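Protein chains in written order, with our numbering: chain A, 1 to 242; chain B, 1 to 368.
Hints listed in this document are in silico derivations from the structure and should not be mistaken for laboratory results. Small disclaimer: the values here were computed from a predicted structure and weren't measured. By construction, the Cβ of each residue, glycine as well, lies at the ideal position given by its N, Cα and C atoms. Treat the hints with care, since some could be wrong.
[As the list claims (entries may be wrong)] DSS-like cross-link-like pairs, simulated, lysine-lysine; straight-line CA separation at most 27 Å: (1) A:K21 to B:K208; (2) B:K132 to B:K167; (3) B:K107 to A:K13; (4) B:K208 to A:K17; (5) A:K17 to B:K113; (6) A:K17 to B:K29; (7) A:K41 to B:K130; (8) B:K73 to A:K17; (9) B:K208 to B:K8; (10) B:K8 to B:K29; (11) B:K94 to A:K21; (12) B:K113 to B:K8; (13) A:K41 to A:K218; (14) A:K21 to B:K132; (15) B:K115 to A:K13; (16) B:K113 to B:K130; (17) B:K73 to B:K94; (18) B:K132 to A:K13; (19) B:K178 to A:K21; (20) A:K17 to B:K8; (21) A:K21 to B:K29; (22) B:K107 to B:K94; (23) A:K13 to B:K94; (24) B:K94 to B:K113.
[Unchecked claim] Some residues of chain A that are not near chain B, with every Cβ distance over 12 Å (derived): (25) G33; (26) F49; (27) M70; (28) L133; (29) W186.
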Amino acid sequence: MNWLTNYYFGEGKGIDKNAPKPTGLRLLAHVLGREWWELIKLNLLFIAFSLPLITLPAAYGAMVRISVEMIEDRTVYLWRDFWAAFRTGFVRTSVLGALLCGGGLLCAQAISTYATAAKASLAFAPPLAIALLVAVALPLFGAHLFAALGLGRDRPLRDVLRASAIGVLTRPLPGLAALAVVALLWLAHIWFYPVSVLLPVLVNFSLGALVTSFATLKGVRLSLAFCTTEPEDGAAARPIRS
Amino acid sequence: MAGISLRKIRKSFGALTVVHDIDLEIADKEFIILVGPSGCGKSTTLRMIAGLEEVTSGDLVIGNTIVNDVPSKDRDIAMVFQNYALYPHMTVYKNMAFGLELRRAPKEEIEQKVKDAAEILDITHLLNRKPKALSGGQRQRVALGRAMVRSPEVFLLDEPLSNLDAKLRSAMRAEITKLHRRLDATFIYVTHDQVEAMTMADRIVVMKDGHIQQVDTPQVLYDRPVNMFVAGFIGAPQMNFLPVTITPEGATLTASFNGENLPLPARLIESVSGRYENKACVLGLRPENFHERMPLDVDPALTVSMQVDVELVEPMGPEVHLNAMLGGHQIVARVSPRCGARIGDQLTLIADLSTAHLFDPQSEMALA
């Protein structure tokens, strides 16, 4: 068992203060390598908090906020910060989550209806295309919105919504790529079932939140800076704990 | 005020006594170093001050309070361990904040203190990293930072540099000294490395077998050791000891060694006069008391030429350590690198006896 002891307690190479900070996918890999165990715990925490279902948006909001902290390389006290984020953002995230879910349901209904109608008449193809577009744009907007809520938690809702919209319009590709990764995670779970039975329990939610937050963060940050309605006092950079 | 008094402190483990009734006064804001070979009781003494070991007898006083029965957490001290004792599953930030969290300090205060300590120690970039990724030096800083955030009156450091390589150790020595000045707190530091002790301490406590041998400033310990142990322990390479006989020569006294009469300085003559004539003594000469040629700044009357056989040459850069045989006794001389001595050479060295020491061979106590 010495190797385990050495691995756990052994001296590392050290961290160079002047080493260039990783960017892009290297940064994501860096965060994953550093926080993998916290991500597993975060996933379990999210599942536990989502069990009443009505708490799902708030739990997701808290999870995204923790992910943002991890990406920003701030110290995270998982339980304490998650609970603080869940509690303080409950109303906001619940309302916005409900609206997004409602929008998603409407979208699904519209796609189903227009798809059936389009089979009979091509005149229904354009509304079907619009419904499909909205079906893609809605989760993309949702990803930006939750990242914006995590980053600009002290900002007025109007700013957050505007920043999310601008983020979707200016940098849609990273968000779409992140959503594709999330979709792949879930497809992997389905394809490799039952081998992958533990995947959602351990990582799917938290990893998905981390990846989407990572992809949307830059756009959201720029947009939030653009949508300033109050004097900036570094609120966006403040840690969660209050 | 965080002066510390050890009054007749004893520590026994069953029948084995490892610290014998020691008395020591440590002034407020003093940097004091306990030094001695392994097993001399220095770490045990430190652990008693920390409250990690119970005092068998005697009084341990911090400020004006006897703290023998005060729990460690209530003594307003912070300890840095040799192996750093960082929690491997916690980030640097959490390691540093942990003590304050246990005391239920406000979050803002914890954050501020950790940030301040991290800035002082230049470890801000490490705050969200785990100890596994850190080098020895970085871990050492974190351990110091963890002690600092508690803003204790007394810092206890138990061989904190012994796991570092020589270069880093030298750098950290300077940093800890600066830190002491900056924090303006009492530092009690344990080491077996006399170089650390000499370079950092306001005062040094030399210990052996659970007894304090001498307490004084580094220079006094070096210049006026009270016994052969201190004389040998302080200084690197250590002092050379030569068996001599005090011999009357006319109106004065000399030290007879290997058939040659060595002149003694007045202070030594005064101290042995009337007590040690024709008796054996031990002459102590520092390696720097040997010269390859007559130095300009010494009294020629107190010098003597000696033939040595060079057995080993240790070039140190600015100086050379010659291990040589002198009258059947091993000595070490610190000479100039330009002396050109080689192994096997027979060399004449000038011994300067103006700063020599004499010791009683039985008690091993200094005679001046």
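To see whether the hints hold, each was checked on the structure:
no.: 1; hint: A:K21 to B:K208; verdict: 51 Å, violated
no.: 2; hint: B:K132 to B:K167; verdict: 22 Å, holds
no.: 3; hint: B:K107 to A:K13; verdict: 31 Å, violated
no.: 4; hint: B:K208 to A:K17; verdict: 42 Å, violated
no.: 5; hint: A:K17 to B:K113; verdict: 21 Å, holds
no.: 6; hint: A:K17 to B:K29; verdict: 32 Å, violated
no.: 7; hint: A:K41 to B:K130; verdict: 17 Å, holds
no.: 8; hint: B:K73 to A:K17; verdict: 34 Å, violated
no.: 9; hint: B:K208 to B:K8; verdict: 16 Å, holds
no.: 10; hint: B:K8 to B:K29; verdict: 22 Å, holds
no.: 11; hint: B:K94 to A:K21; verdict: 22 Å, holds
no.: 12; hint: B:K113 to B:K8; verdict: 37 Å, violated
no.: 13; hint: A:K41 to A:K218; verdict: 26 Å, holds
no.: 14; hint: A:K21 to B:K132; verdict: 19 Å, holds
no.: 15; hint: B:K115 to A:K13; verdict: 23 Å, holds
no.: 16; hint: B:K113 to B:K130; verdict: 19 Å, holds
no.: 17; hint: B:K73 to B:K94; verdict: 18 Å, holds
no.: 18; hint: B:K132 to A:K13; verdict: 9 Å, holds
no.: 19; hint: B:K178 to A:K21; verdict: 30 Å, violated
no.: 20; hint: A:K17 to B:K8; verdict: 48 Å, violated
no.: 21; hint: A:K21 to B:K29; verdict: 40 Å, violated
no.: 22; hint: B:K107 to B:K94; verdict: 12 Å, holds
no.: 23; hint: A:K13 to B:K94; verdict: 21 Å, holds
no.: 24; hint: B:K94 to B:K113; verdict: 12 Å, holds
no.: 25; hint: G33; verdict: 10 Å, violated
no.: 26; hint: F49; verdict: 22 Å, holds
no.: 27; hint: M70; verdict: 9 Å, violated
no.: 28; hint: L133; verdict: 40 Å, holds
no.: 29; hint: W186; verdict: 30 Å, holds
Consistency note: the structure conflicts with the earlier hints numbered 1, 3, 4, 6, 8, 12, 19, 20, 21, 25, 27.
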